[in-house]
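Let's have the full structure, built from the sequences with the hints guiding it.
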Amino acid sequence: MRKLLLGSWLLSLLFCLPVLAQDVAVSGRVTSSDDGSPLPGVSVQVKGTTRGTTTDGSGNYKISVPANARLVFSFIGSLSQEVNVGNRTTVSVRLEPNAQDLGEVVVTGYGGTINRREFTGASSKVAGTAIQNLPVGSFDKALAGRAAGVQITSANGVPGGAIQVRIRGIGSISAGSDPLYVIDGVQLNATNNASFTSSNPLAFLNPNDIESIEILKDAAAASIYGSQAANGVILVTTKRGKAGRTQIGLNYYTGVDEPIKRLDVLNTQEWIALRTQARINGGQAADVAKTTVLSTIRQPTTLGDAEIAALPTYDWQKEAYQNGRTHNYELNMNGGNEKTRFFVSGSYYTQSANVVNVGFKRGTLNTTLTHTINSKLTLEQSLKISTITARGQQGSPNGGSFLGSSAFSSSLMIPSVPIYNPDGSYFGTPALGGTPGILNQNIIQVSALNDIRTNINQFIGGLSLNYKPFEGLTIRPFVSLDYRAIKGRYFTDPRTADAFVVRGRLADQFNQNINFLSNLTANYNKTFGGKHDIGALFGIEYRSDINESTSSNITNVPTPDFKYGNAAALPQSIGGAWTGYHKASVFGNLKYNYGRKYDISLIARIDGSSRFGANNRYGFFPSASAAWLISEEGFLKGNSILNELKLRASYGTTGNDQIGTLFGLANFPSLGLVSAGFDYNGSAGFAPSQLGNPDLKWETNVSTNLGLDFGFFSNRFTGSVDVYDRTSRDVLLGVNLPFTSGFSAISRNAGSIQNRGLEIELNTVNVQSGNLKWKTSFNISFNKNKIIKLIDGITPLANPDSAITISYTDYYGVGRTAIQGRPLLANYTTEYAGVNPATGRPMFYDYAGNVTYTPVSPRDLRYLGTELPMFYGGLINTITYKGLSLDVLFQYDYGRRSFNGQTSFLSELAGRDFNALRSVYDRRWQKEGDITDVPRTINGNIETRGVSGLGGSRTLEDASYVRLKQLRLGYDIPALMSKKIGASSTRVYVQAQNLITWTNWSSYDPEFLNFGSGNSGVIPNSRSFTAGINLTF
Amino acid sequence: MQISIKTLSCGLLAAAALSLVACKDLLEVQPRSNGDLATALSTVEGLDATLNGIYDRMQSTNLYGRDFLAVAEALADNAHATNKSGRLNNENRNVANASFINWATSYFAINQANLLLEAVPNVVSLTDTNRRNSVLGQGFFLRGLLYHDLMRAFAYDPGVENTTQSRGGVPIILKGVNNQEQLEYPARAPIADVYKQIYSDLQTAANYFGRSSANAGNIPAYGNRTAAQLLLSRVALYNKDYATAVKNATDAIGGTVKIVDATAYVGGWRAPRNPESVFELQFAALSENIGVNTSLQTTYTTLVRTNDRGTTGGFGDLVPNPAFLADVRSETSATGFADVRAQLYELGTTGRGTAFVECTKFLGKNGTINLDNVPILRIPEAYLNRAEANLMLGNTATALADLNVIRTNRGLVARTAASFATDAAMLTEILRQRRLEFAFEGHRWFDLKRRGQDVTKTIPLSTTANNLPYNDFRILANIPVNEVSTNKNLKQNFGY
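Protein chains in written order, with my numbering: chain A, 1 to 1033; chain B, 1034 to 1529.
Since the hints were derived computationally from the structure, they do not count as laboratory data. Treat the hints with care, as some may be off.
What the hints assert, rightly or not - DEER-style ranges, computed between Cβ atoms: (1) A:G895 with B:E1217: 42 to 52 Å; (2) A:A614 with B:S1233: 31 to 41 Å; (3) A:F562 with B:P1355: 16 to 26 Å.
To be verified - Distance condition first, Cα-Cα at most 20 Å in a straight line; then the derived DMTMM-like pairs of lysine to aspartate or glutamate: (4) A:K775 with A:D305; (5) A:K239 with A:E104; (6) B:K1521 with A:E96; (7) B:K1521 with A:D801; (8) A:K882 with A:E96; (9) A:K125 with A:E96.
As the list claims (entries may be wrong) - If you want a taste of the chain A side facing chain B, the calculated C-beta under 10 Å gives, among others: (10) G36; (11) A676; (12) V721.
Ideal Cβ placement from N, Cα and C applies to all residues, glycine included.
Structure below.
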């Protein structure tokens, strides 16, 4: 018995021996087909076995394989490759990237990814590499022009400043229109709470830490986020470590940020003559007018013509608009082994604006860690810490007509006013009586002395445990914390005009936001019978988002050396507030794929939120979508021209829960409230501030999307076309009440808005021969916005339109008018009719189209365009030749019409004590018979029995533009040279941002956001030139 | 084993999901920096807070923070706009739509008063009768004052209605609104009805104050008995109800606040509280400072203190015109201008352009620039109300006596009956004293309007006279567009 056993064991051993003997050691190197660089961390798997390894830091691998084995090389962002080993011992492969073809992966949220071939929704992806090393404070700014259906507008040119992102138009009137940002699974609180500087809650993230950005646009893609998804979802995935040799990257760039333009304004002599004429036209005698003007600018009233001609002109804009500097220092490390992988990075970024003493500094620390505990458990962690110091402009964070604001006032200063005294000290300080004119302050002194600063400290971390109890099922608990502390201060120096009399003023702000999120998801995927793939996701989630703030305002410091509160003698006001909300959700997704051809996806989410009224606590958001990969059908398969064709269709609902007013009673929009602060004679008071509506709920977006993805000529020409209808119902409106009720409005879900659009993304490889490759990406988005319904019972205005309108304050604090049947952000005013050639008086069209001096509101009001664009997009060309690469991005935005507030002041033609724009001055009416659009100058800007000559549509301008947004020339220094300094690769580059802008906009910059004062005093975007170097060791 | 893990995890998920949905408390978040509208007025403290909230509304620039003084002056004939900040230019030119904008603020405050008056009987903890009567008195007084100001801005006054243009008074709202079921869409009440309501409110207020020991302490910061009487004498004068005007003026004069004499008069305007004030809105806290753009100080003067032309403070947007200055300086004595009120006008600074003679009634008297109490009712008005009412009743002797109380307390010699050729001449002098006494306190416009008089003025910056005949629609302010568009029952004023 024993012998037999031994014998059979030996026998089986004999059978086995040949197998063992046939294993061969195979090694090789994996490189990128793009540039030949080694690819570390590539998974090398023996097909049909669990045997595998990954490439090291130099892209090398070693594995022993059975004979005739097939090796599968796979790597994120590359096409997998299968290689038959045969009898070779060296197998080196070049992996093709798949950045643009249909094979790429779509990040779908809650840890999910799906091959784009199987994706049924509408989304756009921007690779992290596309926005790498751009001198921008936050990644959203770099997205402009890169994704169809995504409109990115910088609020201003403040580094790290506010940006607006609108996905497929605007579906809200008074609720928020911001997308949901999810960074590595952390749902961000993206409200902007900094009081004193233009800030951006996304600026905490170093854009170079980003791996990819996925923008979910339709209900099928976004509805898994339910009541937060109506404005789209932006999923950011940051870089994670790759196994292999530890790679160290060093990155530095620097550059200048120069003003795109300065406005051409009048010189001293022209201004004196013009102001005198304004006074004469206003009814003053010529000699009185002249002496009044001379006395205004504090010149002897006896000056003769020759003496006036000798007066100097001072260029205030040159002092205010200066070159800024940018520096970025960065170190990252990336590596690990099969069990543990890490990516850590640190960066320090500084950028000063093109306006004096405005700037941004940021330090970041970022770690991501992936650890495989055992075959069933994997830990994923990410932690991003950042500290930001932003220096802001005088007045208000995003501009405005503030006398002391350099951006606003420098072009308006009376040109005879000196900036410095002969001894180099500031002219016109309050102690010296101020500067002459309305702008009574030396703005350069104000900018230099005042300390307007925000410190933002953020940490954003997430931790998840992936538990795979058996093949196909992943259970994933996730917790995250999004913490933000804002410490702002606004010190108005006692030597400056605004605080001279009160001897200094210090406003302090502290705001803390704690956003806790926890969810648990279960994801199950299985293939049945080879042709049926099913996927199921089920999850529950809880979010608590709490915001607390304190503020103080105190005056009277002993001397300017004392810049902090304990030195100030007179407290003016102290504030503090609390707000918050809780949200609990259940969600699920069922996916089914048949034969790699047909896909169906069903999503449903129930969101309960404390923001919703007591009668409508829970919202249900379902969606259904399907895709048909036509090119897999027999009749197309193998077609040499059309190699990819996919049809997508989706229908579903999403919600918008941004229904509290941003600046008021955020998070409690349904409750009847009294608010404090109505104090009298030193004792506290309150007053009713909000009439309750227990029915108040989310806004519902019903969206339909039809999309076609295609690829021709082996995907050398690929693209997508999407058409959509996004109809927003239950749109939150402050339904105006008669003031006699004691309230101005009550919040109701009353309105309806439609966005219909067409999006086209096209990518071509124009040239691919040898070392030369030229690729072009083009995208264009048309969106038509229309207010379908406001509220019932509005009395039409007494004008020919019988317009049904509502005046409202939007979520961002801007007062606007909504007109039924028209797009949002409408310009609704009287139409300017030019100048009466006989008198030089401004004329307007009345309701009947006749000209009048005195238009009547609302009788003569008309719809005159909107601040929304008709279409927008971008054109990207990338040319690579050997180590050289050239990227050129044009970005365009067409059809916005907006009031030009800055130019409006400059168009007064010295009707008040402001300087004037030369182009307007040259066109002004001067004598009978002059045919022009610029009225005669008149003191006070109003003709007797007339209205302001700057009213109506006079300063309404077309803000369309095309911008050469980015031009980058990069060079990979040959490896041999690189090695001499010990680096495995070295890349140097120079780039220009906003190099050329084509526009008819008459002020500094057509790209701005209207926060209530239009573009007045908005710091314009700059033209920047940077040069940098990337070293990898 | 596999099955059990599957079952376990599914069960776990389901249980967690159920508990999440079931746990209702999870979604209960109550505001912490706001109160509940439904219950806020159920305590004594809540009533006090509500009262303060009404006074706070009165502090709005739409009401007594600025407009009911400065806009009224800009519209009338005492002042001209200097275009230093550009503010009040349109009001001074009587441009349509550039007028009073207090409609919303006033009705918000009226709702607060209504909620207060309704809540008082339900606050059982309010057992102190004195306090209760004071609260009720203030509620009625403030509501009466609010309706008076609405009528002054938006409706014609009794007896001088422009019948072709008049659209009536203003809606009378006496019920508070604190939930959406209570919303109403009222029409404008007849002018007489609104007057009746104001009478009722002020008489009720006076009665409550009369039964409250807190009344004396209310002077001048809070509503009080004298204030209710003085205001009622004015309302009656507007109503051409001269007997009521006389009676209530007499009652007010019998109160504790006395007119000061010529030697103390200017000093009274330099003190934080004017000693002649019967009701004076307090701007005590620094946070109540309206600031450099629209406070009364900045509106009226560039100066930060008297006799210091070296420091420029505000804009000085609205200054006395030559006609007014000539009038206040017309009577002279051995030492110069006889009228002490002329001392309240002095040359401003050149910091904002040409220096003008400016009104210095508001000079940051609460210790901070732009922070001034605003006198709403001063006792001299009682004498002028009574003088005018008596004259209209034919009681020229008593009218003359009151006129001379004003004249002699302002440094002017007493006039004799013989010095007036006609009663009309005496009326002219009474109205002139009213103009001089209350210049830049916002009376002139309403005095012209209630008497159906044209506004005659010349603005330096325009070549032609900027007269405004009484039959012009711009005599009345426009009702906010919102009101007309949300309430079909409400008629806009003629011409708008």
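Against the structure, the hints:
no.	hint	in the structure
1	A:G895 with B:E1217: 42 to 52 Å	holds, 44 Å
2	A:A614 with B:S1233: 31 to 41 Å	holds, 39 Å
3	A:F562 with B:P1355: 16 to 26 Å	violated, 47 Å
4	A:K775 with A:D305	violated, 64 Å
5	A:K239 with A:E104	holds, 17 Å
6	B:K1521 with A:E96	violated, 70 Å
7	B:K1521 with A:D801	holds, 19 Å
8	A:K882 with A:E96	holds, 16 Å
9	A:K125 with A:E96	holds, 18 Å
10	G36	violated, 46 Å
11	A676	holds, 7 Å
12	V721	violated, 39 Å
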